[in-house]
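Protein chains in written order, with this note's numbering: chain A, 1 to 557; chain B, 558 to 686; chain C, 687 to 1007.
Each hint should be verified, as a subset may be incorrect.
[Said to hold, decoys possible] To list a few chain B residues with every Cβ distance to chain A over 12 Å, as calculated:
hint : residue
1    : D587
2    : R598
3    : L620
4    : K637
5    : S638
6    : D642
7    : D643
8    : I644
9    : Y681
10   : I682
11   : S684
12   : A685
13   : K686
[Said to hold, decoys possible] Here are a few chain B residues that face chain A, going by a calculated C-beta distance under 7 Å:
hint : residue
14   : G573
15   : R583
16   : S622
17   : G623
18   : K639
19   : A641
20   : G659
21   : E662
22   : G664
23   : I675
For the record, the hints were derived by calculation from the structure and aren't laboratory data. Built from N, CA and C at the ideal position, the CB exists for glycine as well.
Below, each chain spelled out in residue letters.
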Amino acid sequence: MSKDEHFQKRRKDWEDTTVKKTTDRFPERKTEFATSSWIPADRIDIPESGDFDNYSDKLGFPGEYPYTRGVQPTMYRGRFWTMRQYAGFGTAEESNERYKFLLEQGQTGLSIAFDLPTQIGYDSDDPIAEGEVGKVGVAIDTIEDMEILFDGIPLDKVSTSMTINAPAAVLLAMYVAVAEKQGVSRDKLTGTIQNDILKEYMARGTYIFPPKPSLRLITNIFEYCSAEVPKWNTISISGYHIREAGSTAVQEIAFTLANGIEYVKAALKVGMDIDSFADRLSFFFNAHNDLLEEVAKFRAARRIWAKVMKEKFNAQKPTSMMLRFHTQTGGSTLTAQQPDNNIVRVAIQTLAAVLGGTQSLHTNSRDEALGLPTEDSVRIALRTQQIVAHESGVTNSIDPLAGSYTIEKLTDTIEAQAWHYLNKIEDIGGMVRAIENGYVQKEIQDAAYRYQQEVESGERVVVGVNKFTIKENPPSDILKVDPKLRDLQINKLSEIKKLRNNENVTQKLNELRLAAQDPDINLMPTIVAAVKEYATLGEICNILREVFGEYQESIVL
Amino acid sequence: MMKKIRILIAKPGLDGHDRGAKYVARALKDAGYEVIYTGIRQTPDAIVKTAIQEDVDFIGLSLLSGAHNELFPKVVELLKSKNADDIIVFGGGVIPESDIPGLKENGIRAVFTPGTPIKDIIAYIESAK
Amino acid sequence: MQNLARQVLKQDIRAIARSISLIENETDITQKEALIDTLHPHCGNAIVWGITGPPGAGKSCLLDRFIEHLRQDNKTVAVIAVDPSSPFSGGALLGDRLRMQKHATDDGVFIRSMASRGHLGGVAGATADAIKIFDAAGFDYVIIETIGVGQTEIEVMELSDIVLLVLVPGLGDEIQALKAGVMEIGDIFIINKKDLDGADRLKSEVEYVLSLKDSIESDSKHPICMTSATQNDGIGNALSQINSYFAGLRDDGRLAQKRKERIEKELKHIATTKIMASANRFLNIDQRLNGWVEEVFQKKVSPYKLLNKKIGDFLQEINWQ
Ligand SMILES: Nc1nc2c(ncn2[C@@H]2O[C@H](COP(=O)(O)OP(=O)(O)OP(=O)(O)O)[C@@H](O)[C@H]2O)c(=O)[nH]1
Ligand SMILES: [Mg+2]
Chain A
1 MSKDEHFQKR RKDWEDTTVK KTTDRFPERK TEFATSSWIP ADRIDIPESG DFDNYSDKLG
61 FPGEYPYTRG VQPTMYRGRF WTMRQYAGFG TAEESNERYK FLLEQGQTGL SIAFDLPTQI
121 GYDSDDPIAE GEVGKVGVAI DTIEDMEILF DGIPLDKVST SMTINAPAAV LLAMYVAVAE
181 KQGVSRDKLT GTIQNDILKE YMARGTYIFP PKPSLRLITN IFEYCSAEVP KWNTISISGY
241 HIREAGSTAV QEIAFTLANG IEYVKAALKV GMDIDSFADR LSFFFNAHND LLEEVAKFRA
301 ARRIWAKVMK EKFNAQKPTS MMLRFHTQTG GSTLTAQQPD NNIVRVAIQT LAAVLGGTQS
361 LHTNSRDEAL GLPTEDSVRI ALRTQQIVAH ESGVTNSIDP LAGSYTIEKL TDTIEAQAWH
421 YLNKIEDIGG MVRAIENGYV QKEIQDAAYR YQQEVESGER VVVGVNKFTI KENPPSDILK
481 VDPKLRDLQI NKLSEIKKLR NNENVTQKLN ELRLAAQDPD INLMPTIVAA VKEYATLGEI
541 CNILREVFGE YQESIVL
Chain B
558 MMKKIRILIA KPGLDGHDRG AKYVARALKD AGYEVIYTGI RQTPDAIVKT AIQEDVDFIG
618 LSLLSGAHNE LFPKVVELLK SKNADDIIVF GGGVIPESDI PGLKENGIRA VFTPGTPIKD
678 IIAYIESAK
Chain C
687 MQNLARQVLK QDIRAIARSI SLIENETDIT QKEALIDTLH PHCGNAIVWG ITGPPGAGKS
747 CLLDRFIEHL RQDNKTVAVI AVDPSSPFSG GALLGDRLRM QKHATDDGVF IRSMASRGHL
807 GGVAGATADA IKIFDAAGFD YVIIETIGVG QTEIEVMELS DIVLLVLVPG LGDEIQALKA
867 GVMEIGDIFI INKKDLDGAD RLKSEVEYVL SLKDSIESDS KHPICMTSAT QNDGIGNALS
927 QINSYFAGLR DDGRLAQKRK ERIEKELKHI ATTKIMASAN RFLNIDQRLN GWVEEVFQKK
987 VSPYKLLNKK IGDFLQEINW Q
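Okay, chain A solo, but in the shape it has when bound (with noise of 0.2 Å):
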């Protein structure tokens, strides 16, 4: 066989096992995939010639290692990514119908917002809570608050995704215990939560407990769900809000390879099989404009965390070597200026997230720089998903960017300078220990420094904002979150209190801190019992802020 041939025996080996085993199973879309002008689109395209144990080593084939072309055999001609957008506002009542509606308008998938109060495990009644009940999210205070949420939402019809971190024990318990109530059983539930606490030190903000016990939180739901909820994705590993605050594209996914790590870490640590837990790890990437630079992005962490899975951790399975991740535009680069522009951003970001393999996507809406999304401007962004899927003919063929000089070039470089970060990291002692002396928070800061540098000096352009700017009227139809809702919330919070068993909510709230005292203990039972008596979010997170102390921010100016 000459060297050259070697790559159409490959190709047809791909074709007979990975792809077939998946496509006896699920269908793709259609026979037969053409370009709008009728020319055939072949499943993936490979070189002609050249050097095959390089293209092998550093490319492979799509659902195979190292994964560089994407995780499954057939990418989006067997389906589409998720169309998830994420939504949540005002109360419980509010949220469930924008549910509704997005599920009618054809989203495939719910991503619920909370407000911040929830997210740092403050009850809607607390003083800190002020203004800010209802605000960037749903306010839930107790399990009533997520009955209502999912009133007339079959549980085991959607998959839902959760953007909750430090209390996600807390709201995880409330699902599982509404799905009961509605009569779904645990292995029915899938979904997502983001439970990615280090990232919250690093970038977004809403940490509650120190890094020990928030990685024991952390650990005790792998473990849990492994046994009870085996279809829930129990982290979602973040990059997103570590470029919103600035970073680079290789301080993306370095940094939120490194947190992956520390996570792998410490479940096995407490024991736990890496391939019990490893397919259940997700990750959440950031789109931003820079078309090629962020395909290149996504190929070199797929690229990175099965070479880490493999070789650091010894993973056997396939599945714990696929980086599975969501996509969301970059709320950053949004402008508040002449905002209909933003429509463009977003489509060139669906792009980006579509050619680099995504397995979900938010689509951000234009207005978002300027306060909550109206309807308009949600189904416009979901309509920019749905017009890359349908119209685009991207999802033709797989990885169709992969060869180009450019796109390879980029891929290796980003794979490097991620790779001196991971090293870097390691050095330091850990994630951890990085955060904790501020170390990537300065990387961060610097690299937000000098961009912003760069765009007051007009050397980065921003369209509309430092160039090409107009005098523009405000915008009129914005929406906004009823300022009395706090009371409203406050009201059924003092009712619920009223109307429940507080002699067992006290009786579970005392089993919690005796359990929080054991480290050995998994903390998710507990918590489960106690949100069925209606504690209170707050009440539990106050009871586990007594046990466990509060995280200190550690920034370095």
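Given chain A's structure and the hints, the job is docking chains B and C with the ligands onto it.
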């Protein structure tokens, strides 16, 4: 020696998006001001007490969660109650244009929305000091 | 003005803050001097600590914990946290406070960030007088956090009753620092970040160097404490060591001695600055100096002869006996 302008950059409310606040703090330092940064999750009370102890000339509030209508005026109110309303308060963040008149009425002297060049903020400080 | 001093004595927060600015800005020297003179009789009650050590050693985090403990004992605390001014812009980003911000709403705690404004020595030019203001205002403790630059923060010794030198493992240059004499500054040695590897080794190194030092100055033993500020570990122990060390100083008269030395330095400092200032004024009047240069250059006169006479003139001119 000349009087130095001192500025407190503070983040009231619960959001952790401190990119803007940290950028402004650093840029104001580079412009020659003495800048104190509080960190995130500050109550209006903590902000005002800090401003008074640090004897600042300006307080810059940064907020992205949408709680500005509640929290910004609260800071001004507390300053007044402590006879410290000579300290000038300005704000920034995701603030709808339509909220700006109300904030100004409540004593927020200037509001800078995303995309405002730092030189505009500096020009404001120089004109108001 | 007397009014401002009165307010300070009444612990008016705003007045204290403004007084410090008055000192920092030096906009009105006469007012500043009058303020300090009025407060002077009320000074001397506060215990003054200096806390110093390399950048990032955890000085601010430790202070945050110490404040917590001191507040539990109902002690009031004032902190002066010094950070460097940028030599380029003159601006400063004052970041120590960030670590202590949870005390912001506690009326028994006053934290003041201070930019060095070009002053060398790890503190600011205004630090010494700011201590007096807090002292006169009745704070039980006044704590100065220096700039963490490494070896030049000697000045803090002259300002405080006790210097806490914070060291951390993993900087790689511990031994260097020890040799370079930074150790001379400290009364109490705090090895922070004891949760990190190498803390114990650092402790034995410090013990060794101190054993040499203590055998020379036999008057006291320097305590070494191990802490972890972030994990709130060892703080209470460190505090009681500091307190008993202080009690020792006070009881055997070394504290008074120290404070007298401080006053001596201060007086010398004020005297030299004032004399220098008026001498400079004298030398520059009518470009005198330029004229003398010319005379000396042309060998019309020799330098000593000229100046001995001129200084005589100067003293007469300013009416100095
Ligand atoms: N692991 C560990 N980290 C600590 C400890 N104490 C402080 N740190 C970390 O060290 C970093 C610096 O702490 P600071 O208190 O700001 O140090 P500093 O000496 O005041 O620093 P400068 O004022 O900048 O010179 C922070 O990121 C802290 O989280 C500790 O005991 N253990
Ligand atoms: Mg410090």
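In rising order, the numbers of the hints this structure does not comply with
1, 2, 3, 18, 19, 20, 21, 22
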